[in-house]
Amino acid sequence: MGHKIGKSSQVISNWERGFTKGVSVEAVAKIAEVLQVDIRYFFPNTKFFVAMDARLQAIIEAYPRLTEHTKEIIDNAIRKDVSQDI
Numbered sequence: 001m002g003h004k005i006g007k008s009s010q011v012i013s014n015w016e017r018g019f020t021k022g023v024s025v026e027a028v029a030k031i032a033e034v035l036q037v038d039i040r041y042f043f044p045n046t047k048f049f050v051a052m053d054a055r056l057q058a059i060i061e062a063y064p065r066l067t068e069h070t071k072e073i074i075d076n077a078i079r080k081d082v083s084q085d086i
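Heads up: the sequence shown runs through residues 1 to 86, numbered per the UniProt record's numbering.
Honestly, the hints are just simulated from the structure, not real lab data.
All C-beta atoms in this analysis are idealised placements derived from N, C-alpha and C, irrespective of residue type, glycine included.
Misleading hints may appear alongside valid ones.
Said to hold, decoys possible - DSBU-like, lysine-lysine: derived pairs with alpha carbons at most 30 angstroms apart:
1) LYS21 to LYS7
2) LYS30 to LYS7
3) LYS4 to LYS21
4) LYS7 to LYS71
5) LYS80 to LYS21
6) LYS4 to LYS71
7) LYS4 to LYS30
8) LYS30 to LYS80
9) LYS71 to LYS30
10) LYS71 to LYS21
Said to hold, decoys possible - Per label pair, the in silico range of CB-to-CB distance:
11) ARG79 to SER9: 14 to 24 angstroms
12) ILE78 to ARG17: 10 to 20 angstroms
13) VAL37 to VAL11: 15 to 25 angstroms
14) SER8 to ALA54: 27 to 37 angstroms
15) ARG79 to ASP53: 33 to 43 angstroms
16) ARG79 to HIS3: 13 to 23 angstroms
17) THR70 to ASP38: 21 to 31 angstroms
18) PHE43 to ILE78: 12 to 22 angstroms
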C-alpha cells in the first residue's frame with residue numbers, strides 16, 4: 001500500500017495504529033483510489049459528503065494525479081475565496 005501511495009511502510013503503520021493524527025485529504029484520496037473505493041467509505045457518518053456536488057467530488061478524486069502547479073492553482077483559489085469571506 002505504502003509504495004502505491006508514495007508513503008513508507010512506517011507511515012502506513014503509524015496510521016493503522018492511530019499514532020498519526022490529521023492524515024491529509026490527498027493521502028486519503030490516494031488510498032481510496034488504490035483500494036478502488038469512494039472516498040466517502042472512510043467517512044461513513046459524515047454528512048458533509050452527502051451535500052458535496054459533483055464538481056467537488058471530481059476535484060477530490062483527481063487531486064492526487066494533478067501536477068504540483070495545478071494543485072497550487074486550486075490551493076490559491078481556495079485561499080483567495082476563503083479570505084474574501086472573512
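We went through each hint and held it up to the structure:
| no. | hint | in the structure |
| --- | --- | --- |
| 1 | LYS21 to LYS7 | 15 angstroms, holds |
| 2 | LYS30 to LYS7 | 10 angstroms, holds |
| 3 | LYS4 to LYS21 | 21 angstroms, holds |
| 4 | LYS7 to LYS71 | 19 angstroms, holds |
| 5 | LYS80 to LYS21 | 27 angstroms, holds |
| 6 | LYS4 to LYS71 | 20 angstroms, holds |
| 7 | LYS4 to LYS30 | 8 angstroms, holds |
| 8 | LYS30 to LYS80 | 26 angstroms, holds |
| 9 | LYS71 to LYS30 | 15 angstroms, holds |
| 10 | LYS71 to LYS21 | 23 angstroms, holds |
| 11 | ARG79 to SER9: 14 to 24 angstroms | 34 angstroms, violated |
| 12 | ILE78 to ARG17: 10 to 20 angstroms | 31 angstroms, violated |
| 13 | VAL37 to VAL11: 15 to 25 angstroms | 20 angstroms, holds |
| 14 | SER8 to ALA54: 27 to 37 angstroms | 34 angstroms, holds |
| 15 | ARG79 to ASP53: 33 to 43 angstroms | 20 angstroms, violated |
| 16 | ARG79 to HIS3: 13 to 23 angstroms | 32 angstroms, violated |
| 17 | THR70 to ASP38: 21 to 31 angstroms | 22 angstroms, holds |
| 18 | PHE43 to ILE78: 12 to 22 angstroms | 20 angstroms, holds |
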